[in-house]
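**Q** Residue-level listing of the chains:
Number of protein chains: 2
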Amino acid sequence: MNERKLTYGASGVDYSRIDPLKLMAQAAARDTAPNLRAAGYAEIEESRGESAYVIDMGDFLLAAITECLGTKALVADAMRALSGRSHYDSIAQDTIAMAVNDLVTVGARPLAVHAYWAAGGSSWFDDEERMADLVRGWKAACNASGVSWGGGETPSLSGVVCEGAMDLAASCVGVVRPKERLTLGERLRAGDAIVILASGGIHANGITLARKLAERLPQGYATRIGDGRMYGEALLDPTVLYPKVTEALFAAGVEIRYMSNITGHGWRKLMRHPAALTYRVTRLPPVPPVLEFLAREAGLDAREAYGSLNMGAGFAVFVPQAQAALAVETSEREGVRAFHAGRVEAGDKRVIIEPLGVTFEGESLAVRL
Amino acid sequence: MNERKLTYGASGVDYSRIDPLKLMAQAAARDTAPNLRAAGYAEIEESRGESAYVIDMGDFLLAAITECLGTKALVADAMRALSGRSHYDSIAQDTIAMAVNDLVTVGARPLAVHAYWAAGGSSWFDDEERMADLVRGWKAACNASGVSWGGGETPSLSGVVCEGAMDLAASCVGVVRPKERLTLGERLRAGDAIVILASGGIHANGITLARKLAERLPQGYATRIGDGRMYGEALLDPTVLYPKVTEALFAAGVEIRYMSNITGHGWRKLMRHPAALTYRVTRLPPVPPVLEFLAREAGLDAREAYGSLNMGAGFAVFVPQAQAALAVETSEREGVRAFHAGRVEAGDKRVIIEPLGVTFEGESLAVRL
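Chains A and B, in that order, give the protein sequences.
In terms of my numbering, the first sequence has 341 at position 341, counting the first letter as 1, and numbering is strictly consecutive.
In terms of my numbering, the second sequence has 124 at position 124, counting the first letter as 1, and numbering is strictly consecutive.
Isolated chain A, as found in the complex (with noise of 0.2 Å):
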């Protein structure tokens, strides 16, 4: 073992506990679908399991979430003496983008989001700047994702949250409209195009191992990696809202055949798709400083960064070969740079990044508790 290494079991959050949880929850959740049937609506079914939960409603389909953004705030709250700002702007775009961007993966259109504020005791609402950058973050995020911010909650949880913490979460809801937007990947096949778009950096997953890093740093958050910026700094930059080019995409005419978010476990959600099928990457994004700096301090090896970071790859979308170019050209065009990173093919559930000689076995995934 190298002693330099840091891993996810090592850095604290361990899913094998958290899993048996899930499964009971899965099923549970499954055998309440009649009452949905009982005032005369219907979900689809093979939405559960997806990023998203989808309700037929008549004329088009209802989508709905609710997702937190993890640990990344401690990060923030450790970086204010450091830099002199809050960064709750970038925070909240973090939150807004846990949610939105796991979405529009079934093809929906976000409306509208509620904002989960819990703070550990009433202090927290001392800080004036922290808030009101909290909140134009917020309110930015929002517009950037076009839905609009329709209420939430903010409580004060002594005894629940840590003091000085806040947990933060976002729900929100959207349209599948026309409903053949539905992208729950009925469409995937051998052939079609792997399209990435760009991370803006470490999104809000792997930040528990980032935060273990920052411990064994000598110089913490204000170690400068390699383009000069502090650590912490970097690991603050906002991740990327998806939105914007999703909409984007369904406007140029692109035929989306399926969606992935990368978030936790990294590239290994490329193979979100139930189904048996090879996931060929030929090229790779350029992998943002951050998570360069992350993967080399904590002595991650390709497989390892690859499969748990999201190394410069922020969303996949699958495309027919033949629109792979008009995606990646409408994403760019807002902004959003874009890979035409591989094709999907026959063969097992794997994914196999070519220029790293890295494959991830099916079984490695196992999302869908």
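Be careful, since some hints might not be right.
The list treats identical chains as interchangeable, and a pair is accepted whether it falls inside one copy or across any two copies.
Here are the simulated lysine to any residue pairs, SDA-like style, with alpha carbons at most 20 Å apart [stated by the list, open to error]:
# : residue 1 : residue 2
1 : LYS179    : LEU326
2 : LYS349    : GLU304
3 : LYS22     : ASP126
4 : LYS179    : TYR41
5 : LYS5      : THR154
6 : LYS179    : GLU247
7 : LYS5      : LYS349
Hints in this document: simulated from the structure, not taken from any laboratory.
Note that the structure is predicted; figures quoted are calculated from it, not measured.
Using the hints, position chain B against chain A.
**A** Below, chain B without anything else, positioned relative to chain A:
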């Protein structure tokens, strides 16, 4: 000052510190409404500040909400050693109730719920009985509310959520269909009847006060209250789920003119409606023994008790006088005791509780920040 008195100021929830954030957030949220218009929809502007956000979808209205449980799970955690039960089936019902009981106040029928269960570290998931109770209770509460459990998040947030604790919240979407069911209150008028639906105990508001009292009692949560039960166990009686009642009222043809979910601010919530109207209560519902005990032991006078706790009134429905009896009867057929408790009158905005000689003036309720 009575030495025995516990108040909200003393018990740690200082709303005056949270309100500036709410104000800022509500102003910023309002500015994002044009995004909905750009997508071809429109918000019901009057729903901002109400309990749920309402969107005009053309044929019908969509309502959405996110609500948190608060700190009631801490009571369950403390009772584990005393009762030998996890009580998370009740906690699950409380969390669902926070969302669906608010959602129905706008006239919506709830359709789907998402769970947000954020644990303070992976160790939370080691307690299999607690997990099973949470899942079972959540499913049962979904069935009792007529909603489909669409999905959710179960993150492990060490450093954000307190070790050993869980931050529970729920988001919910529903439909107002036909649109005439919308009950934002434009129909409420002097002469209408106040129908109170019974609570099942403390519900999920006033918990910080209840926990402070437990700290002060020599036997804590094990203290026997009036009916011989343990204080902690009685606190954990779950929140009543009102959606089945509101659906039954609509089905029975009751013209509901306004609804108010009695949560924080106790009976001051009876004047939640924006208009200047007087609410005269002439008949009190029975006080659950746990609230009688809490009010007495915390040294609260009637004004303080009714101004912060539900004191037996879980939900209020405002209907034409001629329909009050039908409303009461319909609710009781659904298993929820109901009381024709008073009437709406022309006059200054205030709640007059005649049997107690208590009046709450309008300015004592500032939920519309």
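**Q** Hints first: check each against the structure and report whether it holds.
**A** Evaluated hints:
no., hint, in the structure
1, LYS179 / LEU326, "neither (23 Å within a copy, 42 Å between copies)"
2, LYS349 / GLU304, "within (19 Å within a copy, 63 Å between copies)"
3, LYS22 / ASP126, "between (37 Å within a copy, 13 Å between copies)"
4, LYS179 / TYR41, "both (15 Å within a copy, 17 Å between copies)"
5, LYS5 / THR154, "neither (38 Å within a copy, 27 Å between copies)"
6, LYS179 / GLU247, "within (14 Å within a copy, 29 Å between copies)"
7, LYS5 / LYS349, "neither (29 Å within a copy, 65 Å between copies)"
Hint check: violations occur at hints 1, 5 and 7; the rest are consistent with the structure.
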